Structure formats: C-alpha cells, structure tokens
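Next come the chains, spelled out residue by residue.
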Amino acid sequence: MNLKDMIHHYGRQFGTLIGLLILCTVLWILSPFFLTVSNVLNIAQQTSINAIIAVGMTFVIITAGIDLSVGSILAFSGVVLASVAKAGAPVPVAIAAGLAVGLLCGLVNGLLITYGKLPPFISTLGMMSVARGAALLYSDGRPISGFSASFRFLATGEILHIPMPVIIMILVYLIAHFVLTRTKLGRYTFAIGGNEEAALLSGVNVKFYKAAVYGISGMLSGLAAVILTARLSSAQPIAGIMYELDAIAATVIGGTSLMGGEGTIVGTLIGAFIMGVLRNGLNLLGVSSFIQQIVIGSVIIIAVLVDMALKKQSK
Amino acid sequence: MDMDSDVILKMQNICKTFPGVVALENINFDLRRGEVHILLGENGAGKSTLVKILSGAYQKTSGDILFENKEIEIKNPGHAQDLGIAIIYQELNLVSHLSAAENILLGREPLHVPGIINRSRLYRSTQKILDGLQVQISSRSLVKELGVAEQQMVEVAKALSLHAKILIMDEPTSALTEKEIEELFKTINRLKKSGTSIIYISHRLEELFEIGDRVTVLRDGKYVGTHNIQETTKEELIRKMVDRELTEQFPKRRIERGEEVLRVENLKIDDKLSNINFSLHRGEVLGISGLLGSGRTELARAIFGADKIDSGKIYVKGVQQNIKSPRNSINLGIGLLTEDRKSQGLILDLSLKDNVCLPNLDQFSKFGVVSSNQENSTAAKYIDELRIKTPGLNQKVLYLSGGNQQKVVISKWLCSHADILIFDEPTRGIDVGSKVEIYQLMNQLTAHGAAIIMISSELPEILGMSDRILVMHHGEINGEFAAEEATQEKILHCALGV
Chain X
1 MNLKDMIHHY GRQFGTLIGL LILCTVLWIL SPFFLTVSNV LNIAQQTSIN
51 AIIAVGMTFV IITAGIDLSV GSILAFSGVV LASVAKAGAP VPVAIAAGLA
101 VGLLCGLVNG LLITYGKLPP FISTLGMMSV ARGAALLYSD GRPISGFSAS
151 FRFLATGEIL HIPMPVIIMI LVYLIAHFVL TRTKLGRYTF AIGGNEEAAL
201 LSGVNVKFYK AAVYGISGML SGLAAVILTA RLSSAQPIAG IMYELDAIAA
251 TVIGGTSLMG GEGTIVGTLI GAFIMGVLRN GLNLLGVSSF IQQIVIGSVI
301 IIAVLVDMAL KKQSK
Chain D
1 MDMDSDVILK MQNICKTFPG VVALENINFD LRRGEVHILL GENGAGKSTL
51 VKILSGAYQK TSGDILFENK EIEIKNPGHA QDLGIAIIYQ ELNLVSHLSA
101 AENILLGREP LHVPGIINRS RLYRSTQKIL DGLQVQISSR SLVKELGVAE
151 QQMVEVAKAL SLHAKILIMD EPTSALTEKE IEELFKTINR LKKSGTSIIY
201 ISHRLEELFE IGDRVTVLRD GKYVGTHNIQ ETTKEELIRK MVDRELTEQF
251 PKRRIERGEE VLRVENLKID DKLSNINFSL HRGEVLGISG LLGSGRTELA
301 RAIFGADKID SGKIYVKGVQ QNIKSPRNSI NLGIGLLTED RKSQGLILDL
351 SLKDNVCLPN LDQFSKFGVV SSNQENSTAA KYIDELRIKT PGLNQKVLYL
401 SGGNQQKVVI SKWLCSHADI LIFDEPTRGI DVGSKVEIYQ LMNQLTAHGA
451 AIIMISSELP EILGMSDRIL VMHHGEINGE FAAEEATQEK ILHCALGV
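Protein chains in written order, with the numbering used here: chain X, 1 to 315; chain D, 1 to 498.
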C-alpha cells in the first residue's frame, strides 16, 4: 500500500483521530492536570478494559452482528477466575479459567446464531441474562476477594513505568490488527459482513467463522475480567453492567459500520480513547455524572451523524 | 388530438432510459374501456418498465400519456392510485399479519373519530367487495392464512375499493393451479363487463387467447405491433417476440468434445426440480434455456452445493460425489458465476484483489496468515490476462463496470482452477463490447479443456455460443437440441411448454 492508498483507506480514522486530538487540546486548555504523565497513564489504564472488549465487538459488528452479552460474560468469567485464583492455583491457570469461560459463553452465542439461526440480538440478549444469573449463582451473589500479589501484579504491576493493563491492551490491539488485516479469519470476517451469501458461494465456511468471531468476543470479555478482577482485587457478580454499550459506542465512533463489512481495529482504539478521555476530562472539570451521561450520549450520536454525512459526500 | 371515445389510456412515444441503458424506445400503447389488453415480450423486453411508468413507480424520460383525453404526468404511486390506476405485482404486496379487510383498506380505514378505526364498517364494507367478486373469503381472515389465489383476490378487491379504472396484472397466473386460473378468468371477465380495463402481462401464450382482446408485443424495449387476438396466431406472436437482428457477435469456436466431467442423474428438489438427467463434457458449452422460474438457477445452485437436493446422483469426473456445500464443489473444480453478481457473486465493498482471492485463500496462506505478496501478484496476473479495467488491485469492485465485475468473478474461478464452470446469465447488464470479451474467454476456457454450462435468457446468446442446448420448463428438462438443429422458435416452443 502506498501513502495515497493509506490515506484513502484510513481517511476515516484520521478524521476520528483529529477529533480525539481536538478533544485533548480543549481539555488541556481547560485543565492543567489533563496532560500530566500520571493522568495520561490513568486514562489509558481506565480505557483498557472497554478497549479490550471493544476489539471483540469490532469483529462481531464487522460480520453485521452484535454482542450484548459482553458485560455479563465479564462478570461470570470474573467470579470463576477469582475462585480459581483464591483457591491458590497458579496465575496462568486462573487466567486460562477466565478466558475459557468467556470463550465458552461466546461459542454458545455463535452456535445459537449459526446453527440455531437466531438473530444475534436475541441470542446475545439471552446470554446477557443467563451469564449474569450464572455469575450471581456461582458467587452466591457476593464479591470474591483475597488474591496473591502475583495475581494482582496483572493490574498493579508496571513494565518500564507502563501499567500492565495498558501493556495487555497494546498487545491485544497489535494481535487483533494483524488478525483482521492479514489472516484468513480477518478476510472472512469482512466477507461475511459485506455479503454473507456471496461469501458462502465463494466457499467460505460461514458458520464456522461466525461462531469463531463470537467466541473471540467472549474470550476478550474474559480477558477484561482478568484485568478488572486484579485491579479491584475483587470479582463482583454485578460487574460489567452496561459495558456492552460502551464497547458498541467505541466501535461505532471508530468508524465500524453497524451494517457490517467495514471497520478497523485502529478506529476502535481511537473510539475507546475518545470515550475514556471524555470521561476523565469531565471528571477533572468537575462536571456532574448526570451531565456526563448526556455529553457522552451526544458525542456518540454526533460522531455517527458526521460519519454518515462524510460517507454520503464521498459517494 | 383525435381520440377514440372508448379509449381510456393512450401512451405515445414513451421512452425510458436508465444510466447507460435504453429500457424503452418510442413505445405506443392504448387501452380501451372494458378490454383485456395483453402485453407480451421476452424477459427484458420492457413490459415491466412500461407498467411501472403507469403505476408511478418510474418516471418516463419522454413521451405523452393521455388518460381520459387529458394529458397527465404520473408523479408517484399514490398519484396513480388517485387517478384510478391499480397494479397487482407478481410478488403480491400484502401485509401478511393483517386481515383481508385491513389490507384492502390499508391507509384508508373508515374511522369513528380521527385515529380510531370503525372496525364493524371496515369488515362490512370489505366483505361486500369480496362478495361482489364472488369469492369465498372472509374479510376477517388473516392474509397469511389465505392461499396465493385468495391473496390475489384480496389485491383485486383492494383495486376495486380504489375504484380502479385500469387494473394492471403482472403474470397473475404464474403461481396458480388450473382451477384457480379458471376462477381468476371468471373474475376478469366480470370486471371487464363492469367497464374496468385490464393490462395483462403474461408469458403463457395459451391463456392469452382465452382471456385477451388485443395484444401488444414488445421486443428489446421497442414496440413491435398491436393485434386483435382473433386475428393472430401463436406462431405469429412467437416470431414477433424473438425476431431480431443478430447484431451481437458470437465468436464461437468449436472444440472437439472430450471426456465426460459431470453427469447428473434423476436430480430432484421438491417443488423445484425433477427428473434432471444430463451430462457435460470437456471442451463444450452446454446452453440451458428456459423462462424465468423454470428451474435453471435452482439447477445451478443444486450442482454447486448451495441448495440441498432431495434425491439424485451427481458424478464429477467419473466419481459419484455427495456435494454438501460450495466448498465441496469448489474443491472438485466447480465454479459458479451467479445470475446476480452484485448480490451473490461479489462483495461490493471489498477490493478487486480480495474478491478474486476469497475462494482461494488456502493457496495464499500458511497457518491462517495470508501472504499479501502472493495475493497481489495473483490479482495483477488476472487483471492483465482478462484485461480488467481498474485503477488498481485495491479498487472496490463496487466502482467497476458490469463487464469488469463479471471478469472479477471469472478470475475467482480461474484462480481456484475450476474446470467445470456454471455461468448463470454471464452477460446480463453488460455492454456489447464486454459481452464479446466474455464469449472469447469462454472460447479460451473450453480450448483449455474446461466445460461450461451457460444459462441464459437471451436466445441469440444460447444459439450463438452453445454446442448443445437443454430447455427447461416447470423444473424439468423439456428438450435437448444440438446447436445446428436449434432455432429460436423451437426453443421458445419448448420453453413455453407448447
């Protein structure tokens, strides 16, 4: 790809990036604390959980689907991995348990959508309730806490002064970008969302790849559960409520089309940071949380309106 | 302007162009009060376009429409309704979860006060219309519980409730049984007597003589002629439908027929296909002709593994195969160029390169990682070989012309090394120059030992490019012709089941 192609291909992301930079500049002017190293790392750390969930959401939405169950899966994975960690299992085993629970829930979504032919909205809405109930049942409705320091390192640790959650997020984004742009899975994700019938008639195993994408979304919710549990030093069965909306918002602000077939991982990262920066900035400025909700909702709507207007113009 | 007093509608010199296509050229058509006027022509002759102009779905590009001696412009479907022009499409437009009554008066419900529907009047007034049609339908029954013929009657009742002076029926008998057709004709005759004028579109020559008063033939968007039904014959009409100048070029090269690569035995899909038996050899183009809905596309999809078959055997290169999915058939060397390249053949928002490589990523990937270099060089190779006009291999196929899009689809299958190619309407909607290029490609493919099944609605194409021709009718193969003995008349007779 030459530079011209790059600009053409990532033009939409440049626009979102400029939006993020403008937002940062405004906050920098309004608040002297905004652009301090500790605050920037703080934003990155706070954004990491939504950003990781949004990666799975991006894959799902590119196939023209939706995953409403990510927040509940996070809670269920969280309580399971917390109980494993608390029982004294080695850290990798606890992580594996969290990822496995997420993957499993996601695959159930995928099978219901492909073999059960359910609309993604319905099957993941069902899973949203089932996984939440499972989390409450498993934990008896109580938080699970008390972990080893090595487990907590996953959230509190730093490498080269960069907090672990941020490092994990960066790794997830590098891998996801590679998968989406350079692998068969990525190519088929776009193909299925662009035109499922044509993909099928081109020999793509649509059912397998669709189920895989929901599996990935569930597994990344499990990974987010690892970080959240380590950071709070406790797993809450009621964690992750409304996280699906944050993840959808980050994805959509990042330029992924809800109609499927279009989207980038880079865009989603920028989208997640727009959400994170906005929350952080509004807090610094002392804006009440009630007003914050109104502002964030408006930003989502405006971002998509602008996106649609730009797309119409380019046609 | 002189005008017959019993002529309700006169269309003069109607032209309609779509970007790049002339759909109608100087069409003349008039309709008398209380007559059934048949509109006849092959697929793509312009019948539907003409009636869509009348129903307000399309705007004419030029020409005049006189309705009851007044020149009018039909602005939109609502306007056509207000004028008293109603249309019943082949695909019925009913809300299946509402009752017959609610459908008949949809948007015009009798009200108690604004916003509150007067249900008893709704049911009573619509029942009166249905009874007037002498059909046994309760106005309270839900449309989804009615049969196709009954649903059609609901549409007729809707037209009557609009006080339609002109009723347009597009292929009304295509989904009906003999007995239902009889009932429909009785209804049409009663409507005629009450002074309603009917424009009736149909392929079925038999029924035209039963129900029609006059017939107007269109061909390739042009007006051919209008006749009194009594003064014409089936043979004359067929000749008028197909007789065209063969301006297109068919650079057919005959290749010696090689070994058998595909054999289909007793293939059956319930309600769609039955008794399908044929074989296909290397080096030949097997043309499949037939009307829309005769089962051509269903046959293509069944062989390709896109639809399940109920019984029958398929042998590929001498071995019986149980083809379960397109992946299976692609691996066996079968490729399908779909009838509708935009909705099935291509992913319009992806690039040329991505589309060409989509069925073939296994060739270019290791451990699931795709090599862009190999993809790029492959796409570049086909752009060069097939002379695809594109600014680059990353161009979205959406922006390519029809002919170049079709070449992208063909590249997909060349890349997958397919040697059994099923081309469903390979030249639909592409310009003459590109058509010739596609034909030349077909020659090259057969010269290299490929076998091609070519499904087409265009008879000259079938005659010009096939070595052998199968004709389908009602889901069965109704005839087989060698290229030398086939004529347009013979094929059309066979396709119409005459």
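Everything labelled a hint here was simulated from the structure, so no lab data went into it. It should be emphasised that the depicted structure is a prediction, and the values quoted were computed from it without experimental measurement. Be aware that a few hints might be false.
[To be verified] Using 30 Å as the maximum straight-line C-alpha spacing, the simulated BS3-like pairs for lysine-lysine come out as follows:
id, chain 1, residue 1, chain 2, residue 2
1, D, Lys389, D, Lys435
2, D, Lys308, X, Lys117
3, D, Lys234, X, Lys184
4, D, Lys179, X, Lys184
5, D, Lys240, X, Lys184
6, X, Lys207, D, Lys268
7, D, Lys396, X, Lys184
8, D, Lys192, D, Lys144
9, X, Lys117, D, Lys313
10, X, Lys117, D, Lys128
11, D, Lys308, X, Lys207
12, X, Lys207, D, Lys272
13, D, Lys128, D, Lys144
14, D, Lys165, D, Lys179
15, D, Lys192, X, Lys184
16, X, Lys207, D, Lys324
17, X, Lys117, D, Lys268
18, X, Lys207, D, Lys165
19, D, Lys435, X, Lys117
20, D, Lys268, D, Lys144
21, D, Lys252, X, Lys117
22, D, Lys396, D, Lys342
23, D, Lys240, D, Lys381
24, X, Lys207, D, Lys240
25, D, Lys268, X, Lys184
26, D, Lys381, X, Lys117
27, D, Lys435, X, Lys184
28, X, Lys207, D, Lys396
29, D, Lys165, D, Lys128
30, D, Lys366, D, Lys252
31, X, Lys207, D, Lys313
32, D, Lys252, X, Lys207
For a quick check of understanding: which of the numbered hints are violated here, in increasing order? 3, 4, 5, 10, 15, 18, 19, 21, 23, 24, 25, 26, 27, 30, 32
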